[in-house]
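Need the complex rebuilt from these two chains, each delivered in its own frame; the hints are there to steer you.
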Amino acid sequence: MEQKSESLREAFGKELEELGSQMSDLVVVGADTTESIKSGLFGDKFPERFFNVGIAEQNMVGVSSGLALYGKTVVCGTYMVFLERAIDQIRNTIAYCNLDVKIIGAHTGISVGPDGGSHQDIEDIAIMRALPNMKVVAPADAYSTKALVKEAVTTKGPFYIRLIRPNSMSVYSNEEIKVGKANVLRDGKDISIIACGIMVPEALKAAERLQTVGISASVIDCHTIKPIDESTIIKAANNTGRIITAEDHNIMGGLGSAVAEVLSRRRPTLIGMIGVHDVFGESGQDAELMVKYGISEQSIFEKAKGMVKP
Amino acid sequence: MQAIDFKEPNRQVDIKELQAVAAQIRENILRMLGEAKSGHPGGSLSCTDILVAIYFGRLRHDPKNPKWPDRDRLLLSKGHAAPALYSVLSKCGYIPEAELMTLRKMGSRLQGHPDPNKVPGVEIPGGPEGIGLSEGVGMALASRLDQKPIRIYVVTGDGELDEGEVWEAAMAAVKFKLDNIVAIVDRNGLQQEGTTMQIMPTDSVAAKFRAFNWNVLEVDGHNIQELLAALDKAALQKGVPTVIVAQTKKGKGVDYMEGVVKYHGNVPSGDMLENAIKQVRASAGGV
Numbered sequence: 001m002e003q004k005s006e007s008l009r010e011a012f013g014k015e016l017e018e019l020g021s022q023m024s025d026l027v028v029v030g031a032d033t034t035e036s037i038k039s040g041l042f043g044d045k046f047p048e049r050f051f052n053v054g055i056a057e058q059n060m061v062g063v064s065s066g067l068a069l070y071g072k073t074v075v076c077g078t079y080m081v082f083l084e085r086a087i088d089q090i091r092n093t094i095a096y097c098n099l100d101v102k103i104i105g106a107h108t109g110i111s112v113g114p115d116g117g118s119h120q121d122i123e124d125i126a127i128m129r130a131l132p133n134m135k136v137v138a139p140a141d142a143y144s145t146k147a148l149v150k151e152a153v154t155t156k157g158p159f160y161i162r163l164i165r166p167n168s169m170s171v172y173s174n175e176e177i178k179v180g181k182a183n184v185l186r187d188g189k190d191i192s193i194i195a196c197g198i199m200v201p202e203a204l205k206a207a208e209r210l211q212t213v214g215i216s217a218s219v220i221d222c223h224t225i226k227p228i229d230e231s232t233i234i235k236a237a238n239n240t241g242r243i244i245t246a247e248d249h250n251i252m253g254g255l256g257s258a259v260a261e262v263l264s265r266r267r268p269t270l271i272g273m274i275g276v277h278d279v280f281g282e283s284g285q286d287a288e289l290m291v292k293y294g295i296s297e298q299s300i301f302e303k304a305k306g307m308v309k310p
Numbered sequence: 001m002q003a004i005d006f007k008e009p010n011r012q013v014d015i016k017e018l019q020a021v022a023a024q025i026r027e028n029i030l031r032m033l034g035e036a037k038s039g040h041p042g043g044s045l046s047c048t049d050i051l052v053a054i055y056f057g058r059l060r061h062d063p064k065n066p067k068w069p070d071r072d073r074l075l076l077s078k079g080h081a082a083p084a085l086y087s088v089l090s091k092c093g094y095i096p097e098a099e100l101m102t103l104r105k106m107g108s109r110l111q112g113h114p115d116p117n118k119v120p121g122v123e124i125p126g127g128p129e130g131i132g133l134s135e136g137v138g139m140a141l142a143s144r145l146d147q148k149p150i151r152i153y154v155v156t157g158d159g160e161l162d163e164g165e166v167w168e169a170a171m172a173a174v175k176f177k178l179d180n181i182v183a184i185v186d187r188n189g190l191q192q193e194g195t196t197m198q199i200m201p202t203d204s205v206a207a208k209f210r211a212f213n214w215n216v217l218e219v220d221g222h223n224i225q226e227l228l229a230a231l232d233k234a235a236l237q238k239g240v241p242t243v244i245v246a247q248t249k250k251g252k253g254v255d256y257m258e259g260v261v262k263y264h265g266n267v268p269s270g271d272m273l274e275n276a277i278k279q280v281r282a283s284a285g286g287v
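Respectively, the protein sequence lines represent chains A and B.
Numbering follows the numbering used here, in which position 258 of the first sequence is assigned residue number 258; successive positions increment by one, without gaps.
Numbering follows the numbering used here, in which position 269 of the second sequence is assigned residue number 269; successive positions increment by one, without gaps.
With the rest of the complex left out, here is chain B (with noise of 0.2 Å):
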């Protein structure tokens, strides 16, 4: 792969090497999953290619300066799906790839949760869910209040959409004005007990945002072409705070995982976990 200039908000990227640093990530979070023994593999697998498409894609940030002021923010509420972060905060630079193998030991930097004062590239904590998108509208004000050209995307669970907070903070980016975040809703559909259909019913989340009067976009969550288009629209709006809602399947890219609720947090091992790994690989060439 071609060296990228995180910092340049104009880059160019090449959509077939994105899907391929995206199967390398899917490996990663398997392996650091299989080595740890727990953890979140369906919700990690699910979020990868929308992380890619930002991180790589979008993103203006400093792996050498991970706190350099003027860098966009992505801040992944999620917190669970830290494996993803980890894997590929590991492949900007942030991380040596050796370390992701520490994920949940005792005296890791990468813990279950991410912890933004542990390791360099987090930008918020994560852990309870449901409070990215108020951190988000915290960044956005501050920054607009800086007044820096600064963008903060916050990628959430469609499970965490059940927190009264995410409305609150709906709520509040729009008495504000913040046409400088966007959250990007992984809409897999599953949580840890069933689908929300069975635990919160959210089947309307567009229409939801709607009447919250946010921009409403909404993409293939593993497509990163229109992943990127969506990114791109969103910076056109103005006034009015963008979502991009991402239709996703929980445990992409392995088919035993995939639409199946116990992978929320379950980790496979042996036989199971190789066979994942080489479905993901076999996806290199896109997904």
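In isolation and in its complexed conformation, chain A is listed as follows (with noise of 0.2 Å):
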């Protein structure tokens, strides 16, 4: 693994500004956050196709399904607890119609930091995927973010793709990622930890410490929660009979619960959950919330040593 720190946002703005050159059909929308987010390096490139309608994300949403229904592939976001305030309209339009639309949901979890508890999206996971037609993808780092925005656009129908505002830790350098393909990063006996997002890089780390105490850990990268690789969850239950679920999202709803109704239905296992749990987060700097908030490699390095050597 590569301790390289890198911007996820980044790497979405110029994957979009690359299948733009490919992709005459695709427009992108924004909502007055497109140079924060990095969908503006599109619109740099693209004007003609680049629609930015400002602090109005239910018309942007509106004017997105309406692009989707003319024929264009559309990629559409902001800050996703903004975005939360058009979920009728994902609902309505762009899921129930199975529309051709990407919703980019920035600024995700308690690791959004200073901006405080309004900002911090932890809900996002479990209201999208509970919506019929959409998938959702949360990549860990910037390789898998480009690789999974690519795939995302060039598949029909709609997609919620999740990011972070923090860099993150590189976990990929030439590795294959498949939306619905759960990535295994490191084999273990005692007990599996699957994780998405800012939470693969954490998970990564207490696993290394986790070898120190001789506990032998799994890490899974679920970068996709809907459809959650089902098989790669039930096999990782059946190599260590325990597993770790972690996430920067709340415990209800979130891949946790994703991994629970696949473990429960087809391979009773116990689960320990780290996510956040139930309450709204506040101002503060991305690591010292994750500690603080039970979503740091020390929160899942004590729940797994809990679990094996109880």
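Hints in this document: simulated from the structure, not taken from any laboratory.
We put the CB at the ideal spot given by N, CA and C, even for glycine.
Treat the hints loosely; a few may be bogus.
[Claimed, not checked] Here chain A is said to cover these stretches of chain B; the calculated rule only asks that three of the stretch's residues, wherever they fall, bring their Cβ under 8 Å from a Cβ of chain A:
1. 110-122
2. 140-150
3. 171-185
[Stated by the list, open to error] Chain A stretches covered by chain B per the calculated footprint, using a threshold of three residues with CB under 8 Å from any CB of chain B:
4. 42-53
5. 65-72
6. 81-95
Below, the structure is given as structure tokens:
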């Protein structure tokens, strides 16, 4: 694993710009946050295919739906807490009509940091994965962001792509990343840590430290939360008999719930869930907030120790 | 009625014939709602003449090829008026007339609110109010990007002007200088729980749109001639969007429904239904 820190937003913006050169029917809609979430890079290169509708998220989704109903491939996005104002439009146009719109939910999770609890979206995965037709991905690093954005944009139908604000440690160098296929990053025999987004590097760090106390942990990047990779999850449960899920999201309705839905049906397994425990966040630096809200490497390490050596 | 070439932009239409068509559409609305025993008669009857004027008079479309890429688009933002839309689409040849009686029944393509993936000729989903104008802005941007002379017509209710998104879209249409979009407000003055003045006063619809820098036209929404003239005037407008505020009566054509709030979502049955059908039939010579 390289220890390079990279911006997922930047990776998303650059990939979008590249896709714009290849796809003349690709259009991008923004809501006055395009510089911040980097969809503006597309706008700089293709101004005629880029529409900033101002601070009007409902209209952004409605306009995106109109563009898609006409026949365009559309990417729209803003900070996810703001975009949740348009869940009605997302449900009743994009999801209901299975439109070719990719929704970018930026600045998700407690790791948003100083802007505070109002800006820290911990419910988006729960909401978006409950919508029929909607696929949900949460990349961990810049490399996987590029791969998942590319596949989402070139695959017909609705996608929700969950991005984070802080830079994240790079996890991949040249592995294959496919929507719906979780990546096993590390093999272990005592416990499997299934993580997404910013929690993937945390899980890798925890696994390193667990090794020093004699615990062998697998780490799985479950970047696609819907459709979830049932076979990789079941295999992990068969191999280790214990599972930890880790996400920068409420423990209700997110990755942990999705994994539990699979295992409780097909291979009942004890699951320790690392996530935000149904509370709103607050202002602070991302790293200190992740410790305070129990979603750091330390939380994973302790949970694993408790489960393997009770 | 003579066959209409729906793809011909400068087609001549006979107003009397269109009035007769509107009467048949009203009859079908009542029959299908009577069969479904639920739905929204008031708002369907109020927008009937608007839909007839656009679909039969000006919209460039092709019932034999509903997905014709170069077609004009009519977006019914007030999706609860689905029976009016289905009846018009059937009259144009998109759906067999007999199928209208499957409205709101399990397995039918004719959902309570329109679904573009189920019914040929339907452009946007119905259901929640206030989204259609945004979708219209998106389509107008797309067709301009493709440099096609496509016109986008968005039919909205007046109750749905309560929704903030309508005004977000109104600002966007002006920002993007969209002169290929026309909004038609079915100004019947009633919404589900009372008059628009009681529920959320929208008495100055025209003034509001003027303040948003739209080109505003006001017509009698049951006068097909006036509607066609306004649509032609809108087509000449350059650089700004046009809204046609069409004064209508909710429940138009049935005396006991006209202007009566409860017929927003109440369907008559038995003698009341037969009486309503008789009334709209009698209007076939001109509403």
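Do the hints match the structure? See the list:
1. 110-122: holds (count 3)
2. 140-150: holds (count 5)
3. 171-185: holds (count 4)
4. 42-53: As far as the segment 42-53 of chain A goes, the hint holds, because 4 residues have Cβ atoms under 8 Å from chain B.
5. 65-72: Since 8 is at least three, the answer is holds.
6. 81-95: holds (count 4)
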